[in-house]
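Asker: Let the hints inform the model, and build the full structure from the sequences given.
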Amino acid sequence: MQKKSFRGGVHIKDEKDLSKDKPIKDHFPKGDIIYLMNQHIGAPAVPCVAAGDRVLVGQRIADPDGFVSVPVFSSVSGTVKSVGGHECYNGDTALAVTVVNDGKYEQIEDFVHYRDYTQMTKQQIIDAIRDAGIIGMGGAGFPTHVKLSVKPDKKIDYVICNGAECEPYITCDYRLMLERASLAALGMKIVLSLFDGAVGIFGIEANKPDGIAKVAEACKDEKNISVVPLKKKYPQGGERVMITALTKRRINSKMLPADAGCIVLNFSTMTAIAEAVAYNKPLIHRIVTVTGDAVNEPSNFDVLIGTNIAELVDAAGGFKCEPEKIIFGGPMMGAAVYTLDVPVNKATSCILLLKKNMSVPEPHECIRCGRCLTVCPEHLMPIKLKNTADAGDYGEFEKLNGLECIGCGCCTYICPAKRRLSQSITAAKQFILAEKKKKAAVKK
Amino acid sequence: MKTLNVSISPHIRSSNTTMKIMLDVIIAMSPAMIFGYIYFGWRALLISVISVSSCVLTEFIYEKLMKLPVTIGDLSAVVTGLVLAMSLYSTAPLWIPAVGGVFAILVVKMLFGGIGQNFMNPALTARCFLLLSFSRIMTDYPVLADGVTSATPLSLAANGQHVSYIEMLIGNHSGSIGETSAIAILIGAVYLVIRRVISPRIPLAVISSSIFFIILFSYIKGDAVTPNFIAVQVMGGGLLAGAVFMATDYTTSPVTSYGRIIYGSTIGLITAIIRCFGGSLEGISFAIITANLLTPIIEKLTYPKPLGTYGKKAEK
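Taken in order, these protein sequences are the chains called L and U. Here the first sequence is numbered in my numbering, starting from 571 and rising by one per residue. Here the second sequence is numbered in my numbering, starting from 8 and rising by one per residue.
Simulated from the structure, these hints should not be mistaken for laboratory data. Just so you know, these numbers come straight off a predicted model, no measurement behind them. By construction, the Cβ of each residue, glycine as well, lies at the ideal position given by its N, Cα and C atoms. Treat the hints with care, as some may be off.
A few chain L residues that face chain U, going by a derived Cβ cut-off under 7 Å, partial list only [what the hints assert, rightly or not]:
hint, residue
1, P901
2, R938
3, G940
4, A987
Chain L stretches covered by chain U per the calculated footprint, using a threshold of three residues with CB under 8 Å from any CB of chain U [to be verified]:
hint, region
5, 886-898
6, 929-936
7, 950-959
8, 967-975
9, 978-984
BS3-like, lysine-lysine: derived pairs with alpha carbons at most 27 Å apart [to be verified]:
hint, chain 1, residue 1, chain 2, residue 2
10, U, K228, L, K988
11, U, K27, L, K824
12, L, K969, U, K312
13, L, K592, L, K801
14, L, K790, L, K574
15, L, K824, L, K954
16, L, K1006, U, K74
17, L, K595, L, K890
Answerer: Here it is in structure tokens:
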């Protein structure tokens, strides 16, 4: 079958061999469980329990605050130790509910039961997804029900399940494809039932042939679902890149995928939707890959949300050597963390412990080779953007379409002079967006 | 636990460096240069050595004097020296490459801010400086290894003589040190394209546009256009080497992909004008440095369109 792809991007050694053959292992946490209230994009959830309360598995411990927000559920049974600030992986302090795990895993009544989604109305399905606390599990953490609540004047033609997993090292979606493909297929059917006339596409990178086969097997009876192999190239899994590769439609920073008639959902999110709608199970667990050259046994864990990552590193055999960097997510877009005392979030796909070649190279003068233009999946001019960003010329930066940058980091990766292109561009972009927000707030 | 590194993403980098790219260029130039050393003898080698050392030393001394970080390790000065030597005759006096090297690095490159900042190709600008300042010395035909002085294919063709195709492919004729053997230059070109150091756009645009305009101008002038004449125009002078090694210089060529085609075509056009209407039989060096000056405007005209701003949208 022909592999679809896009113009630009870089070929990176995928390093998935470390953990791709490790079956998903259940991990039962021993220590305290910490639920951050800002795991999703949007307004943080509001805790509805107090210190000393007893909570059960599946019990709602925080309510959404507004439309762009989701509830949080307890993944263990135990006593609430505190409701207060806790460190996030990015250095912020966020409101969190800490639960002392009693190890009994007592469930609330009616915790998991089968529901026939074909008997539910569209709004009931979307409500079920919101009430299960589902967000984009690929990393961004955008509430899924907001994505699915499409305005009636927009017709959705494609529901795309993003199984590219183009970041090196990460294998959590790949293991899901092998072990729980039918669940993802069910999730796809549920989402398709929301949009009349839409077709479902699983976009999976071609370096996962057995994953493609398993998913194709799981949806072989569905006429409107197809599995499309994509060329192995970073950032194949970027939302806009994915849409262009699969549908030839293009969206820019001012549009939502729905404006191009597309809904893009991550593979893990798809399985979570199936569990939420068909089995009435809130989002309390996810697959996390613990890998890298500084860990003894790279593995894929089925982890309860809120588990401390230090515990996961121990479960993966502990440190092989002292890591230089610990990264939440992949090596291209993930965030380096400074402490292991942070919990697993709904959007944590990977914990990467790296030792080798992690020193940051010194940047040199640009030689104008033009490689950054060749690899930019958004077809921007990273070197010009960096120059305007460093000079503080934000007007010119916007004129050069700097706000279209998706922050994939290809330009920095490829630069032979080791210039920090995407870093400067991202900083300028965040500054401009913050300024715009401020201006809009003043106007109101 | 020791302090963790928390620099922002991306956390991994490609293994490519400026030095590796320059090394690739040197490797790509070596077939043509080695052929020149064999064909023109030890003096050709001596000229290259003087040219390269002059470039490297100038950069080193300048950076030491100005208390700047020393950048000779990136090998770009070596490439400049080789390109300069490539375009000289082996009979040039030995002070010619020395002066050329100093001019290329000091005046054209370092005074404008070093690597990546110069707006004209240093080696070619130095060559044109030498050509204009010492024109008699620079245009004396080289003596071949066997002691015979001979004219270049371009001057033979200008007199209406037929030049053997095989001789031109192999490079068995008079000319600049590294510019005679078409096959050796093409080997270098293929190497550069395979290693993705250059995109084939610029060389192809230069060659095809110069062929087009030379035919066009010859037709206007009423000269006879024979296949042999065209072959001599492409392989008999500095056009091939210029298109592959000199026009593709990163710093002075546009970074945009359409810009590269316009830039290459401009070089072809100027070369054709000089060759057909001008006093010189060559012209590629002047064409390249003229096009270098147009690079910023070409770039400005060919900014790429971002992904989301054109093409198919949702069907309404």
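Asker: Determine for every hint whether it applies to the structure shown.
Answerer: A quick look at each hint next to the structure:
no. : hint             : result
1   : P901             : holds, 4 Å
2   : R938             : holds, 5 Å
3   : G940             : holds, 4 Å
4   : A987             : holds, 5 Å
5   : 886-898          : holds (count 6)
6   : 929-936          : holds (count 6)
7   : 950-959          : holds (count 3)
8   : 967-975          : holds (count 3)
9   : 978-984          : holds (count 4)
10  : U:K228 to L:K988 : violated, 52 Å
11  : U:K27 to L:K824  : violated, 40 Å
12  : L:K969 to U:K312 : holds, 12 Å
13  : L:K592 to L:K801 : holds, 24 Å
14  : L:K790 to L:K574 : holds, 20 Å
15  : L:K824 to L:K954 : holds, 22 Å
16  : L:K1006 to U:K74 : violated, 43 Å
17  : L:K595 to L:K890 : holds, 20 Å
Checked against the numbered hints above, the structure breaks hints 10, 11, 16 and satisfies the rest.
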